[in-house]
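K.L.:
Protein chains in written order, with UniProt numbering: chain D, 1 to 414; chain R, 1 to 301; chain E, 1 to 326.
Worth flagging that the hints you see were computed from the coordinates, not collected in a lab. Keep in mind that a hint or two might mislead.
[Stated by the list, open to error] List of simulated lysine-lysine pairs, DSBU-like, C-alpha gap at most 30 Å:
id	chain 1	residue 1	chain 2	residue 2
1	D	K254	R	K61
2	E	K99	D	K399
3	E	K102	D	K399
4	D	K163	D	K244
5	R	K129	E	K322
6	R	K129	D	K284
[Stated by the list, open to error] Sample of chain E residues at the chain D side, in silico, Cβ under 7 Å:
id	residue
7	V158
8	D183
9	L185
10	R223
11	N292
Remember, it's a predicted structure, so these values are computed and weren't measured experimentally. All residues carry an ideal CB built from backbone N, CA and C; glycine is no exception.
These are the residues of each chain, in order.
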Amino acid sequence: MNRATATGSIALTLASALTLTACGGSGGAGVAADAKQTLTVWAMGTEGEKLGDVAEEYEKTHSNLTVKVTPIGWDVAHQKLVAAAAAGKLPDVVQMGGSYLGEFADMGVLEPVDSKTIHETDYFPAAWQQGSYDGKTYGAPWYVDTRVLFYRTDLAKKAGIEKAPATMADLQSAAEAYQKKAGSKWGLSIQPGGLDTVQSFYQFLYSAGGAIIDDDGKAAVNSAAAVKALENYGSYFDKGLSEKSVRPGYDVTKDFNTGAVPMFFGGPWLTNLIDENYPDLKDKWAVAPVPADAASVSMAGGSSLAISADSDHKAAAKELVAYLTGEKGQTDWFERTNDLPANTAAWTSGDLADDPTMQVWRQQMDTARATPSQPKLTEITSKVDTAIESVTQGKSSAKEALDKAQSEIEGLVQ
Amino acid sequence: MTAETAETSPKAPADPVHPARPARRRTGRGRTPLLYVIASVALLVMAAPFLWMALSAFKTKQDLTANPPVWIPSRWTLDNFTSLLDQLDMPQYFLNSLIVAVLVTVSNLLFCSMLGYALAKLDFTGRSKVFALVLAALMVPGNLMILPLYVLMNGLGLIDTYAGLVLPFAAGAFGVFLMRQFMQSVPDELLEAARLDGAGEWYIFWRIVIPLVKPALATLTIFTFLGSWNNFIWPLIATNDPDKYTLPVALATFANDPNRTVGGGNGMLMAGSLLVVLPVLAVFAVLQRHFTQGIATAGLK
Amino acid sequence: MSLTTGPAAPQAAAVDKSPHGGGKAGRKRRANRSLSKHNLTGWLFSTPFLVLFGVFMLFPIVATLLMSFTDFGARNVTRPLEAEFVGLDNYTRLFQDDKFLKALFNTGYFVVVGVPATIVLGLLAAILLNNGIHRARTLFRVGFYAPVVTTIVAVAVVWRFVLDPSDGLIASLASEVGLTAPDFLGSETWAMPSLIAMAVWRNLGTVMVLCIAGLQAIPTDVREAARLDGAGAWQELRGITIPLLRPTLLYATVITTIGYLNVFEEPFVMTQGGPSDSTLTVSLDMYREGFNFFHMGYASAMAYVLFVVIMGITVLQLRLLKDNTR
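Excised from the complex, chain D in its bound form (with noise of 0.2 Å):
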């Protein structure tokens, strides 16, 4: 048997098993937006329970339809996703997290998104090119999110720090001071190793000019900013300012209320975590701006909403996530749910224009740079944590490290 025949037998065979019905061929015209139909929409976690109460509001002003949203588990959802994709059973709307959506766009299981409806201008930069892979947009931004610097007001002043560190010299050098002056056990929680390591890291190569795959979409990873940019996250360690081991599901609240951890850098959803559940906290922590190396730059996280290719319901769907995504819905999701809202425009009134608080996300955002939209991303990112693990626990030169992670990352980009 010549190598082409058994390629074709074997191609055949998993052909006719993973096809048994998944060419269902993609719904052509489709039904039309205002005749009666169901939608079924897939969203995770949170975001998947409220989305059903939003649901059941659009109802209301679009009787010939029904909305039917299927909360689903982040931690399964991936796997939910790839055999829901593989059997063509794909919902007509589904939440994209960043790290998925290159992935499926480059399957060919999502519609590009109608640019009639959807522009790119109304949103952050950043959400937009999460939502886009290879020169197309496929998901529509529907929230964002990203990371700014959580610090101790009232141990700052035991410290003797008048103001939020501004720079990274600043940074470390308040973390000493927490540590030496006010007590703290640690003078930063940054993550020493393990899963998505590099999200915490993020905030010191993007703030030294460094990046992963850099804009020409080639790996960078072992760039001079990068290097110089993981040595400082290292030292954190070396010195003793941070903790060399931290285990999965560690709950940095908890240390931050108790002050063993005086600064971290977190997401916009823990403002109302430690609201609610330490109280006694009020007025004794602050947020600031990622603190500048070359400049601020911190990660963009967050999802976008996506249309199925197969999906014999677009019209109805681009409606829906048209609203979803506008000013109206926008403002609506964030006072549901206080996900940051992708459309600028959402920003314009309420607390989201006011708050100084929601004014440092603001911020952030505007220069926030996304993940990139890669097929193997979270293959790309775990070389990353490698190289940041093996840094962090002394048993590698930062350089050493990250010439490692860019000859295995150059291999996976697409």
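Got chain D; can you put chains R and E on it based on the hints?
P.N.:
Using the frame of chain D, we list chains R and E on its own:
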């Protein structure tokens, strides 16, 4: 008192020559309270996490995040349960879980005992091959089969149906192997005697063998029910319609949610876990009573 | 035929012989009849399992096996035809993959230490609760079984609290007596033993239940006879309990071994394989390769290597523990 002391005491006076004997008796007597102490300490170690879960379900947010952690809630609250019932359609999920678990358990009891009996007691051509297949099925790492199985079930139109949740587990290899092991203790003489009396094979299986292996059936019921009740990955993948979600799948929508893992969500998760676990513990508490002298007494006399 | 399983075996064997002692013709006829009859019944009794296996398991097994010879990746989810046949590449790559070899070693460590500990403690718990404890038996049994049913999330929360190096239970106990507890989950030396302890704790309830059920098959008169002969507790255990429990112990050992070779949940929730891959197991590695990175071909090859390892060990166990109907 225990059977042990009752048995040894009449013997002792009859055997005054052995110096070791009275000493043994004393340890025998003294051992019982000691055993209870050991067992109680072990019980504490074993059950602590369960207690933690049960107590946490009634804690307020303050207690849940307290440092150092508190075991006994400073204020007992049902908030976790009410918000859980508020957000999830628990009765529906409970019903789904129950239907699936009962169907899986019943079919396993029947099918696994049948094959277990055949493998242990019936000499038939190809028996060792069937047994090898059972063992192979036992050893296949299941995680990776999920994707092809999903595609298959989708092709059969079984996604979002109870059948889709039950059938792949209706005759588990673990159950077959378990029943085979227990059936081996059934005395052959009984079967032969019944055959001589002209009893049919089904009659022998159903009327003679099955009653003899009640502890095994109780064990299988516990394991299968628990397995089905806690089964997570497959129901997660095989149901897209929330109305068909089972309890663990529904609960997983909270777990590891970045918005929930810290702080208040924990209480709801604990409340949910408690609700999930209680029925299984109840099944266990009821069935473990059936761990009584079965085969030996009934079989030999 | 079975000669060694039950206490009744010797008698059964004796009885077995007597009907065959009859006239030649009668003997032949009966042998014929029962043989053919057992063939039919044997296969009929096997049918439900075989049908369900054939419909629901065979296809996934074959599909995964085929995938293990291809470079099946995320793209091929919707375009399976484009998966390249790569022969044994995945398998040869596996054995040059340091991560996988480390995972294989870690899994072996987990099994070698964990399985004997689980079986011994489970058996002791069963004997304790079956023979020693009479009052509040249900409470004890339920309590010992609780770890098996408690959801892993709750288990993880409590075990983290127990193992925490700064204010955990063990750390505070150690400091009371002037010792310093290690950073259990953060140390490459201690992380694995901690996970093993947790797994033993979680699974001994299952072994206990099996053994309690198995103990019921041991007639009280055999025990009584032994005691009358002056057998001590240890002799009773070695001479009667263990031999008569052998089918049960064999089952418990085999399923515990298979379970531990597949160990996934403990490292997944407690350490995610860290620190520095010191608790990365084959199943966890396979999960990552298969579902996080979507190297389905590579992960399938891993699954089959694991399958072969499990098969080898199980066959060895069946041999060593003298399974009797082979």
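K.L.:
Are the Cα positions of K254(D) and K61(R) separated by 30 Å at most?
P.N.:
Roughly 12 Å between the alpha carbons, so the hint for K254(D) and K61(R) holds.
K.L.:
For the pair supplied as a hint, K99(E) and K399(D), confirm whether the alpha-carbon distance does not exceed 30 Å.
P.N.:
OK: K99(E) and K399(D) at ~22 Å, within 30 Å.
K.L.:
Let me know if the C-beta of L185(E) comes in closer than 7 Å to any C-beta of chain D, holds or violated.
P.N.:
holds (5 Å)
K.L.:
Measuring from the C-beta of V158(E) to each C-beta in chain D, is the shortest one below 7 Å?
P.N.:
Violated: closest Cβ of chain D sits about 12 Å from V158(E), beyond 7 Å.
K.L.:
Given the hint that K129(R) pairs with K284(D), test it: the Cα-Cα distance must not exceed 30 Å.
P.N.:
violated (71 Å)
K.L.:
Going by Cβ atoms only, is D183(E) closer than 7 Å to chain D?
P.N.:
holds (6 Å)
K.L.:
Does K322(E) sit within 30 Å of K129(R), going by the straight-line distance between their CA atoms?
P.N.:
holds (18 Å)
K.L.:
Is the Cα-Cα distance between K102(E) and K399(D) 30 Å or less?
P.N.:
Satisfied, since the Cα-Cα distance of roughly 25 Å is no more than 30 Å.
K.L.:
Given the hinted pair K163(D) and K244(D), is their alpha-carbon gap at most 30 Å?
P.N.:
Since the Cα atoms of K163(D) and K244(D) sit roughly 27 Å apart, the hinted pair holds (cutoff 30 Å).
K.L.:
Checking hints one by one. Is N292(E) an interface residue toward chain D, by the C-beta closer than 7 Å rule?
P.N.:
holds (5 Å)
K.L.:
Given R223(E) as an interface hint, is the shortest Cβ-Cβ distance to chain D below 7 Å?
P.N.:
At 48 Å from the nearest chain D Cβ, R223(E) fails the 7 Å test, so the hint is violated.
Consistency note: the structure conflicts with the earlier hints numbered 6, 7, 10.
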